[in-house]
Amino acid sequence: GENVEQHPSTLSVQEGDSAVIKCTYSDSASNYFPWYKQELGKRPQLIIDIRSNVGEKKDQRIAVTLNKTAKHFSLHITETQPEDSAVYFCAASPWPYSGGGADGLTFGKGTHLIIQP
Amino acid sequence: ETGVTQTPRHLVMGMTNKKSLKCEQHLGHNAMYWYKQSAKKPLELMFVYSLEERVENNSVPSRFSPECPNSSHLFLHLHTLQPEDSALYLCASSQPTGLAGIRSGTGELFFGEGSRLTVL
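In the order they appear, the protein sequences are chains A and R. The opening residue of the first sequence carries number 13 in our numbering; numbering runs sequentially from there. The opening residue of the second sequence carries number 154 in our numbering; numbering runs sequentially from there.
Treat the hints with care, as some may be off.
As the list claims (entries may be wrong) - Once the Cα atoms are required to be at most 20 Å apart in a straight line, the calculated EDC-like pairs of lysine to aspartate or glutamate come out as: (1) 49(A) x 261(R); (2) 193(R) x 68(A); (3) 70(A) x 266(R); (4) 194(R) x 51(A); (5) 54(A) x 177(R); (6) 194(R) x 14(A); (7) 193(R) x 51(A); (8) 189(R) x 17(A); (9) 194(R) x 29(A); (10) 54(A) x 261(R); (11) 121(A) x 197(R); (12) 121(A) x 266(R).
Hints in this document: simulated from the structure, not taken from any laboratory.
Based on the provided sequences and hints, a complete structural model is requested.
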């Protein structure tokens, strides 16, 4: 099965600086890579995703890059703000997923991002 | 409001109790999930229901018993739990991406707020 490794487990950056979180996956059949953000005491929410037909996707201050050859993908947050403090989870799955649900997702362990004022 | 509601939000139970967690979604999705979230661990998929049929059961102990009476409701019945079962239990829903004959989803999981379970 799929195995997703996520690093670092904790990341502390100064407000205004950039943050990068990296994930690697093992299954070459995976071609959908979402990122979820979970603020303290709240539910995880999708913030951005990418499919293997593109190498990069941006949405304002966040971007995701994908290297299918190396089987790794990264989340980039620029000009970090206090509200970016949260736990971020990467995930991987095949697309489309024929196992019944949309969820063939395998999650990483999460990165606790701390924005220092 | 994401449309996925879980009750209760907090639950404390003894190892001999029987309780149930409830999840309801108002998004018209055809797939629902139970995840377990423990500290320092990835989100662990427990059960998947698609079109009201269980399609995945990831080696979950039998002391956890899911029930999906219709596409909008999902239950997790708990009995004779262990202290290590204490965790946040998250329900989620989505629209399947690869099933013939039904509208395809985006792949996004919509989570509930979770039920924080403490087993004494």
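How the hints compare with the structure:
1. 49(A) x 261(R): Measuring from Cα to Cα gives roughly 13 Å; hence the hint holds.
2. 193(R) x 68(A): The hint is violated at about 29 Å.
3. 70(A) x 266(R): violated, 27 Å
4. 194(R) x 51(A): Holds, because 16 Å separates the two Cα atoms, which is no more than 20 Å.
5. 54(A) x 177(R): holds, 17 Å
6. 194(R) x 14(A): At roughly 16 Å apart (the allowed maximum being 20 Å), residue 14(A) and residue 194(R) satisfy the hint.
7. 193(R) x 51(A): With a Cα-Cα distance of about 15 Å, the restraint between residue 193(R) and residue 51(A) holds, given a limit of 20 Å.
8. 189(R) x 17(A): holds, 18 Å
9. 194(R) x 29(A): violated, 27 Å
10. 54(A) x 261(R): holds, 17 Å
11. 121(A) x 197(R): Answer holds: residue 121(A) to residue 197(R) is near 10 Å, not above 20 Å.
12. 121(A) x 266(R): holds, 19 Å
Hint violations for this structure: numbers 2, 3, 9, all remaining hints satisfied.
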